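J.: First to last, the protein sequences are chains D, E, A and P.
367 is the number that numbering that gives the first Met the number 0 gives to position 368 of the first sequence; each next residue is one higher, with no gaps.
22 is the number that numbering that gives the first Met the number 0 gives to position 23 of the second sequence; each next residue is one higher, with no gaps.
197 is the number that numbering that gives the first Met the number 0 gives to position 198 of the third sequence; each next residue is one higher, with no gaps.
272 is the number that numbering that gives the first Met the number 0 gives to position 273 of the fourth sequence; each next residue is one higher, with no gaps.
Note that these hints are calculated values from the structure, not bench results.
All of these numbers come straight from a predicted model, not from anything done at the bench.
Be careful, since some hints might not be right.
Label pairs and their computed distance ranges (CB to CB) [unchecked claim]:
(1) Leu-395/D x Gly-73/P: 30 to 36 Å
(2) Asp-285/P x Lys-194/A: 31 to 37 Å
(3) Ala-1/A x Glu-343/D: 39 to 45 Å
(4) Ala-317/P x Glu-392/E: 19 to 25 Å
(5) Ala-344/E x Gly-83/D: 53 to 59 Å
Glycine included, every Cβ here is placed at the ideal spot set by N, Cα and C.
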Amino acid sequence: MATPSKSASSHAPKAAASGDGSSNEDALAHAPGQTPAPPDERAERVDAPDETIEAPDARPVAPSPTMPDIRVFRDSGHTHESLGLSGETVVAMYRNMLLQRRFEERAAQMYGRQKIAGFLHLYIGQEAVSTGAVWGTRPDDPIITAYRDHGLALARGMSPDAGMAELFGREGGSSRGKGGSMHFFDAEHHFYGGHGIVGGQIPVGVGMGFACKYKGTGGVAMAFFGDGAINQGAFHEAANLAALYDIPVLLVVENNAYAMGTSVERSRGDADLSKSGYPYGMTSVVVDGMDLFEVYHAFKTIADEARAEGDQGGKPFFVEVQTYRYRGHSMSDPQKYRTKEELEAKKDEDPIVRVKQYLVEHGLATIEALDALDDEVKAEVNRAVEFADASPEPPLASMYEDVYATNDVPYTV
Amino acid sequence: MATPSKSASSHAPKAAASGDGSSNEDALAHAPGQTPAPPDERAERVDAPDETIEAPDARPVAPSPTMPDIRVFRDSGHTHESLGLSGETVVAMYRNMLLQRRFEERAAQMYGRQKIAGFLHLYIGQEAVSTGAVWGTRPDDPIITAYRDHGLALARGMSPDAGMAELFGREGGSSRGKGGSMHFFDAEHHFYGGHGIVGGQIPVGVGMGFACKYKGTGGVAMAFFGDGAINQGAFHEAANLAALYDIPVLLVVENNAYAMGTSVERSRGDADLSKSGYPYGMTSVVVDGMDLFEVYHAFKTIADEARAEGDQGGKPFFVEVQTYRYRGHSMSDPQKYRTKEELEAKKDEDPIVRVKQYLVEHGLATIEALDALDDEVKAEVNRAVEFADASPEPPLASMYEDVYATNDVPYTV
Amino acid sequence: MAELQFREALRDAMTEEMVRDENVFLMGEEVAEYDGAYKVSQGMLAQFGPKRIIDTPISENGFSGLGIGAAIMGLRPIVEFMTWNFTFVAFDQIVSNAAKIRSMSGGQLKVPIVFRGGNGAAGQLGATHSNSVEALYSNIPGLKIVAPSNPDDAKGLLKAAIRDDDPVLFLESELMFGLKGEVSDAEDYVLPIGKARIAREGDDVTLVAHSKMYWVAMEAAEELAKQGIEATVIDPRTIRPYDIDAVADSVKKTNRLVIVDECQPFGGIAAEVGFQIQRACFGHLDAPVERVTAKDVPAPYAKNLIEAWMPSVADTVAAVRRTLYM
Amino acid sequence: MAELQFREALRDAMTEEMVRDENVFLMGEEVAEYDGAYKVSQGMLAQFGPKRIIDTPISENGFSGLGIGAAIMGLRPIVEFMTWNFTFVAFDQIVSNAAKIRSMSGGQLKVPIVFRGGNGAAGQLGATHSNSVEALYSNIPGLKIVAPSNPDDAKGLLKAAIRDDDPVLFLESELMFGLKGEVSDAEDYVLPIGKARIAREGDDVTLVAHSKMYWVAMEAAEELAKQGIEATVIDPRTIRPYDIDAVADSVKKTNRLVIVDECQPFGGIAAEVGFQIQRACFGHLDAPVERVTAKDVPAPYAKNLIEAWMPSVADTVAAVRRTLYM
Ligand SMILES: Cc1ncc(C[n+]2csc(CCOP(=O)(O)OP(=O)(O)O)c2C)c(N)n1
Ligand SMILES: Cc1ncc(C[n+]2csc(CCOP(=O)(O)OP(=O)(O)O)c2C)c(N)n1
Ligand SMILES: [Mg+2]
Ligand SMILES: [Mg+2]
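Could you build the full structure based on these sequences and the hints that come with them?
T.: Structure representation (structure tokens):
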């Protein structure tokens with residue numbers, strides 16, 4: 000309106016008397032503060048000290064559309080030297096990626112032979128994300144992810160034996176055969192699952208970052224989730240909590256372009272996921288997930304920025320890693336939602352091939368040496384299959400174990 | 000990396016053979032597609048036609064941090080003429096705001112006299128929002144809100160008799176005494192509640208907009224919620240769905256600065272709520288909620304932009320209305336979280352006083368006439384109290400009614 | 000009578016109702032372009048187009064609420080959940096809104112919506128994916144719950160659910176989607192919600208079981224017959240309202256009751272049926288009501304463990320023999 | 000023994016445990032600067048500071064998950080819900096994560112967390128605000144559930160819950176926060192989870208009731224005494240695990256059982272207890288097990304309706320008389 004509001008009550012005293020605060024007070028004079036309260040309100044009626052605490056300025060914030068803060072890690076032309084990585088380290092990273100690849104290729108095969116059942120979601124194509132993130136952070140920075148979890152578990156150091164035995168549902172499995180493919184856990188390596196409900200792990204990951212800060216460990220938690228999971232309310236609530244409490248956590252969306260058969264374009268009002276950090280005042284980071292060095296560099300850089308000093312400070316990041324899944328969503332996906340051309344184009348960016356290429360071109364290893372390494376990895380995976388096959392079924396009684404830490408018994412029959 | 004990925008497979012054929020798609024295919028040759036499926040997967044195994052459908056381009060979107068699209072409705076210096084409103088209309092709007100104010104003042108009084116029980120959340124101070132929104136939209140545009148619902152219900156035309164009787168828990172109440180203050184409903188006036196679970200009404204409101212478009216009514220739904228409710232996952236999911244499906248719905252946050260005792264600053268990673276539309280590609284609108292004309296103008300403008308043409312088009316908006324609640328959160332709030340100074344300053348902006356002031360200054364009505372109007376409104380509210388008091392308690396048998404539309408009986412005893 | 004898969008019966012029911020009433024639409028994850036995660040909606044996008052067969056993001060809370068709002072406005076949404084396990088993120092919409100809005104509005108509004116999808120364990124999927132949710136939702140007044148065991152009931156009851164003016168939770172099973180059975184080809188086949196089906200008559204004991212467990216009960220009955228024990232088998236078909244009279248009438252003849260229920264035991268369906276029957280048939284029971292349920296621990300992944308976890312034919316036979324003091 | 004309000008007993012339990020163990024913290028809506036919506040945490044911010052007494056946004060799903068993650072990392076969160084009605088938006092975190100993570104990890108992880116707040120109806124709040132959630136959560140293995148009826152049990156059991164290595168749902172009542180009672184001033188007062196309390200001994204009938212309903216049962220027992228009927232009253236105090244032996248032992252003496260339970264009836268706590276007792280005490284029961292529960296409709300607002308909806312002393316007396324064929 001044209002009239003400044005301040006003038007209102009002065010220019011129109013009667014109006015003021017009829018509509019403004021003073022008459023509010025009159026009305027309130029009869030309010031239950033002074034009268035016996037009905038039972039369901041009594042609880043709130045305990046006398047509260049009268050002095051008001053220092054309240055934050057409550058004037059609504061004027062819209063200050065600042066440019067979103069986005070950092071991009073792509074095409075930086077890194078070399079291992081520029082990143083301070085030794086040739087041995089790059090070879091070790093390569094071997095780790097290869098281990099994930101070979102492990103899952105064999106798992107798919109074993110699934111076909113019905114040694115493995117249930118759902119089996121392969122990470123093949125995304126190995127640069129797991130390996131880059133793990134090498135870019137500390138071994139005890141907690142990691143949590145969804146059901147597409149073999150890659151991160153192996154990157155973090157889960158033994159292929161324990162992993163394969165878990166897939167086989169055997170006593171020697173990482174969860175004694177109780178979790179299966181979607182529920183890998185390896186506490187010793189600070190890998191906290193392996194979660195089957197889309198998005199459900201995100202708040203839990205924020206809580207892990209909260210604990211790092213509370214305890215002053217200097218750790219930063221990483222919560223991985225998919226491009227489909229970002230549409231769960233859990234993401235929104237967890238992101239705001241992380242920002243509000245300055246929690247050292249990386250909220251990492253592995254954007255592999257599809258949620259089952261639904262492309263990001265068909266699941267979002269705006270397909271640019273990097274916009275997701277903005278409402279929370281969170282810095283967004285976009286990373287080329289097919290490039291091991293970019294992922295490594297991105298995680299190393301932001302993880303160190305995210306860490307708290309003791310129980311002070313800390314800064315969460317929203318990280319979009321752009322990657323791609325080469326296999327179907329699970330083992331029974333006709334994949335009509337993408338063209339063969341698209342898939343083949345993506346396979347030309349195979350993150351493992353690119354590292355191999357890099358190692359050879361930079362004289363860090365010979366093709367022969369890397370092929371030998373591949374044979375070694377394959378042998379390791381073969382041993383894992385043998386271990387799994389030899390591992391006994393869990394005893395039936397074990398079903399009643401591990402439910403409770405105390406009074407661990409079936410409560411009801 | 001420095002090496003273009005495309006070159007990888009060509010430069011390193013063996014590498015390609017070991018890591019790229021072709022070997023994926025080898026591995027897949029053993030995959031269960033060709034083998035009998037375990038029972039839990041059989042379901043997904045029905046033969047799917049081989050031709051692939053036209054898939055969207057799945058290349059991850061490059062971050063294009065566009066400036067958020069925000070429109071501000073504040074200090075526009077509107078007059079009723081510039082808005083095309085007759086003096087009679089402005090007086091009618093004034094009367095409607097006054098009705099909400101007087102109704103709630105009396106309700107608070109009746110609560111003190113224990114005629115009303117449970118929670119009673121007063122809307123006092125926010126009346127420009129309800130009246131401006133209702134006058135700026137069509138009478139049959141569906142409205143849904145939270146538990147602070149008396150204002151919007153009365154703005155939409157719920158009779159004070161039915162509203163007061165509902166608060167009294169009587170047969171003559173809008174919900175036959177079953178809903179109470181938090182659960183007002185008036186289907187005849189397209190007012191769909193009145194919802195007690197913070198944020199739970201937001202997806203429902205989006206569904207109402209969805210129905211407007213599906214049926215081609217040209218209607219636009221309005222989902223009102225509080226600044227605290229924006230932190231519910233329901234908001235995030237509903238906003239994305241609204242944007243993805245181009246649903247004619249206004250997601251309206253009534254930012255009254257506090258959620259119970261928690262200021263926006265203490266509940267958000269970033270207190271600027273107008274940023275909330277951005278990730279969904281939604282236009283955000285910021286409105287001065289203490290100014291009736293600004294609210295009216297904003298809703299009229301965007302509602303007409305939001306409407307679908309038949310079952311095509313439609314555009315959701317995120318609307319932050321900046322308002323203030325003059326009373327405690329409910330009837331038993333010591334209000335230690337704000338200073339008396341802050342409250343008094345806000346009361347100087349009383350939206351009702353400002354309209355009264357405007358009417359007098361622009362010669363649309365005399366103080367005397369407006370005071371007479373006030374007396375008339377008070378009398379109407381008094382009659383509502385008498386009606387409520389005279390209305391009988393609902394018969395006990397009615398408890399078993401209105402649970403089901405068909406086979407309406409208690410199912411279990 | 001035509002022989003159809005369970006999924007085909009569901010598809011036929013939805014298709015017939017969508018042809019009959021343009022206010023009916025189907026919404027859920029992968030229901031359209033993917034033709035359904037379990038192919039229940041295969042071909043429906045082609046037939047009805049994207050306005051009425053709608054793919055959703057993974058936002059169960061959001062699209063459940065959207066469906067509720069659409070239903071209040073007079074549409075008749077069918078909301079498919081990929082499985083009922085995923086409704087825990089939508090629990091509030093179903094329990095606070097779908098179930099209660101009619102009552103809180105004093106009967107002004109109705110919520111004609113169907114929520115459907117696979118329920119219960121489906122092999123080796125682990126604890127997050129093996130919940131039988133009827134134990135939870137059946138406690139909630141305002142909801143109706145249907146859980147058919149065969150394609151014929153699936154078709155007749157789904158058509159009834161879509162036409163019903165109240166929110167109906169329709170529980171299917173991934174393990175039964177491929178199940179074949181004769182389905183009535185009556186012009187417009189609608190079965191009443193709330194009526195049990197007596198599948199088998201026997202004088203010695205009454206077995207009650209719904210959905211997948213119905214087949215366990217039937218197999219147990221065969222096995223018992225070999226042992227000279229004749230069982231009546233009742234498929235309640237609907238959980239809420241529950242046709243307790245059908246069970247009571249039978250127990251008054253057989254004097255013995257065993258409930259096979261895949262839910263976790265504490266406060267599950269078996270507990271409720273057992274409670275009501277001990278009350279209704281106190282003088283008639285020659286033995287305590289027995290139940291066979293999932294074990295009271297989270298569902299394990301390993302093949303041998305999940306098999307031991309599930310209610311089995313052997314467990315059922317043993318329970319029956321207990322009621323016969325054998 | 001000091002006389003304390005229920006809320007004071009809860010506050011003392013939390014305060015003592017926070018003093019004892021720096022890994023314990025309290026998080027929830029309005030717990031800090033507002034001193035608690037129901038003043039349970041009054042003064043705790045002043046004593047422990049904002050690091051350990053933490054106000055949250057209205058994001059139950061988010062901060063429940065946050066608590067679970069913190070618990071897995073070795074902290075001991077106490078998550079306060081303003082009321083349990085609002086946990087329906089956090090249902091997945093409690094049921095899929097808190098309850099199942101230990102089992103799915105094969106025992107590698109534990110989740111020592113307490114979720115607490117007011118449960119059940121609290122006067123005229125309407126259907127969305129009157130849920131008794133134990134009927135739902137008690138079905139879930141992996142959870143423990145405690146529901147005390149008086150300040151002394153509240154203190155001893157909350158301290159036990161905070162020290163427990165498993166997720167514990169601690170159910171309070173807005174209507175009982177002001178309730179006064181003697182509380183042990185033992186140095187370190189911890190009561191065992193899973194043990195019932197025999198509150199009153201009588202030979203004619205056994206009454207079982209937890210939380211608010213315990214007081215209904217006690218009042219009914221007084222009324223019955225006037226009619227010459229002596230009741231044993233048992234407060235299970237814990238719902239999961241449930242001390243069924245205590246109930247069975249009593250029923251073997253009284254031969255009659257009435258359960259007073261505020262839950263909706265279908266599959267509620269009364270159904271489970273009734274089922275287990277008809278099985279355990281079949282030969283001892285002289286009458287069917289009876290239950291007194293909330294009516295099977297959404298909670299209405301009107302004073303007369305909600306009063307009729309709630310289990311009452313009159314309902315309980317009538318149920319007992321039915322078991323005595325009076
Ligand atoms: C809450 C919930 N809804 C649905 C599902 C079924 N589901 C499993 S994976 C998946 C797709 C997830 O896609 P995305 O988040 O992109 O992860 P990706 O599979 O690509 O790694 C769906 C819908 C689930 N597990 N949880
Ligand atoms: C899911 C849920 N959590 C908590 C509550 C308790 N509660 C009722 S109102 C309220 C504050 C809401 O504030 P806001 O959204 O800003 O609305 P306002 O009261 O300011 O209108 C809270 C926490 C609830 N009703 N629902
Ligand atoms: Mg994806
Ligand atoms: Mg507010």
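J.: Hint by hint, note whether the structure agrees.
T.: So, going through the hints one by one against the coordinates:
1. Leu-395/D x Gly-73/P: 30 to 36 Å: holds (32 Å)
2. Asp-285/P x Lys-194/A: 31 to 37 Å: Holds: the Cβ-Cβ distance is about 34 Å, inside 31 to 37 Å.
3. Ala-1/A x Glu-343/D: 39 to 45 Å: With a Cβ separation near 43 Å, Ala-1/A and Glu-343/D satisfy 39 to 45 Å, so the hint holds.
4. Ala-317/P x Glu-392/E: 19 to 25 Å: Taking Cβ atoms as reference, Ala-317/P and Glu-392/E lie about 22 Å apart, which means the hint holds.
5. Ala-344/E x Gly-83/D: 53 to 59 Å: Roughly 56 Å apart at Cβ, these two residues keep to the hinted range, so it holds.
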